[in-house]
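Asks: Sequence:
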Amino acid sequence: MQASIRAGQILRDRLGFQAGSNIVNWERILQDDDDNGIEEVQRFEYEQQLDRAFLSKSSIIGLGFALMSPVLGMSTTISIGLNNGGPFTIVMGFIICGFATWLCSLSLGEIVSRFPMELHGSSAMLAPKNYKLCCSWFTGWLMLLGNWTMSTSITFAGAQLAISLINMSHSGLIREDLIMFFTVVAFYLIVSVVGLINIKFAGIIETVNKVCVYWIIYAVIFIDILLLLFHSGSYRSLKYALTHFDNSRSGYASSALSFMIGFQQSNFTLQGFSMLPALADEVKQPERDIPKGMSTSVLISTFVGIVFLFPIMLILPDLQTIFNDPTVMPIVLIFTNSTHSMFVSIFLVIMILGNLFFSGIGSMTTSSRAVYSMSRDMALPFSATWSHVDASSKHKVPTNSILLSMGVSYLLGILALVSTTAFNAFMGAAVLCLCSATCIPLILVIVSRRKALRGSPIKVRYGLGWLVNLSSICWLLYTMVVICLPPKVPVTFATMNYAFVVYLLFVGGITALYFRWGKDHFRLPLVEGDSKTDISEDTIALQELQASK
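Residues in the sequence shown are numbered from 13 upward in steps of one, following our numbering.
A hint or two may mislead.
Below, computed lysine-lysine pairings styled on DSSO-like, alpha-carbon distance capped at 30 Å [claimed, not checked]:
1) Lys144 with Lys212
2) Lys69 with Lys212
3) Lys212 with Lys406
Simulated restraints on C-beta separations [what the hints assert, rightly or not]:
4) Ala524 with Tyr143: 16 to 22 Å
5) Pro329 with Tyr474: 45 to 51 Å
6) Gly245 with Lys212: 46 to 52 Å
By construction, these hints were calculated from the structure, which means they are not laboratory data. For each residue, glycine too, the CB sits at the ideal point set by N, CA and C.
Could you put together the complete structure from these sequences and hints?
Replies: Given below as structure tokens:
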């Protein structure tokens with residue numbers, strides 16, 4: 013009886029019920045968000061196999077900037093925005109998406125600061141005891157699949173741009189029916205190069221990440237200036253560049269719906285921030301450097317993206333000329349139709365392709381670390397192989413994890429030869445996987461009434477934590493819904509958006525693997541010491557209540 017009374021009292025206190033009332037005391041809950049400035053970071057008991065100081069804070073920012081490069085991301089997906097509204101959708105949509113993504117990075121940063129490791133570890137620490145294994149499993153696998161497909165998406169888009177450059181400079185050199193074959197060949201070469209750099213030249217990755225920031229910024233400056241200088245026609249008005257909206261090419265009767273679909277290209281570009289926590293083992297102070305790296309890189313990417321997009325809207329040619337050649341990407345045709353200079357156009361495309369070098373290396377780094385982190389907790393068959401690190405090598409990297417990530421990209425590349433529609437569906441599923449993997453720990457934070465974040469060195473203050481967390485969850489769920497809608501109507505079998513179908517296949521496969529493998533082999537993160545959080549107290553109270561019955 014005493015155990016039952018104590019358990020009930022603890023649960024009532026946790027939920028903030030007023031005495032003699034069934035009304036939740038929200039003021040008290042919000043006050044519980046205050047940790048009085050006392051920092052408490054959860055440490056984990058893993059053998060330190062990777063180099064702890066391999067990446068600096070500035071390198072993390074550069075890597076995040078590479079993963080969210082607006083030059084590469086927005087250039088290769090600009091047709092989505094052009095078909096669904098044009099300048100207003102592209103520019104204003106990017107601003108909205110940038111702000112919302114920044115809120116998401118702040119929310120995720122709080123969690124990583126409190127539990128500095130890959131997100132499946134955060135979910136394990138945040139979830140109630142009976143759901144720790146399940147929440148950790150799904151978070152980790154969705155993040156891993158998101159890393160793999162996003163990495164493939166980045167490198168494949170770069171391959172498409174490279175083939176477009178060849179077709180632009182040598183018209184008719186590659187027949188239309190062979191475009192996809194040569195794109196896959198270029199894709200394989202790119203994956204091989206970025207994989208080799210991650211394995212054999214890991215020592216330069218720190219420098220590559222830092223140089224990335226300067227390259228992208230200077231690329232934007234050169235592209236904007238050259239476009240404005242060599243533009244041979246009349247410039248669009250400022251009003252046109254900011255407010256013109258025409259969704260007649262999309263087929264949607266609803267302008268609002270077309271706008272929401274159109275700026276999802278920004279989500280393809282900016283979703284990469286959630287891939288950074290996988291690098292926590294290679295940062296000296298991951299509880300500070302990873303959260304700051306995520307939020308800072310989102311802000312930089314958003315600002316640079318706006319500067320990059322605005323001049324393009326000022327010189328935007330007639331859309332009919334942009335979509336009249338299926339062998340060349342729209343951004344390439346924008347350059348050629350605007351400048352009427354093959355030399356300038358080639359130079360502008362090369363500046364974009366330079367981003368591919370940084371983005372490809374960074375995406376391979378994060379995806380391989382996600383494999384390593386999950387394998388360390390026995391989430392994959394043959395985990396010992398994928399988590400192996402050669403201690404005798406100068407730069408300790410998980411070579412087998414890199415090879416596995418390269419292999420997955422190779423397999424997805426073959427899919428592009430079989431069916432372009434199926435391949436595009438896998439690439440769309442990348443955003444769905446990353447959004448849902450980010451959403452799980454954020455929801456668990458709300459379930460814990462943010463008390464699980466007490467002691468987090470990086471935290472949203474001034475009582476805004478609840479608002480930022482809830483806004484982030486709503487945005488992620490909204491993104492998942494809109495990303496599944498077809499970009500154009502009427503819909504045919506070939507133009508249908510099958511991203512949600514692929515996502516359901518992913519979830520089904522993860523679930524089956526959980527019951528066949530995960531429940532018996534997957535283990536929760538090794539925690540240093542015996543730290544009892546408020547969540548564990550709730551679990552103890554429930555157990556005592558059940559025992560008393």
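Asks: State for each hint whether it applies.
Replies: Now for the hints, and whether the structure bears them out:
{"no.": "1", "hint": "Lys144 with Lys212", "result": "violated (37 Å)"}
{"no.": "2", "hint": "Lys69 with Lys212", "result": "holds (23 Å)"}
{"no.": "3", "hint": "Lys212 with Lys406", "result": "holds (10 Å)"}
{"no.": "4", "hint": "Ala524 with Tyr143: 16 to 22 Å", "result": "holds (19 Å)"}
{"no.": "5", "hint": "Pro329 with Tyr474: 45 to 51 Å", "result": "holds (47 Å)"}
{"no.": "6", "hint": "Gly245 with Lys212: 46 to 52 Å", "result": "holds (48 Å)"}
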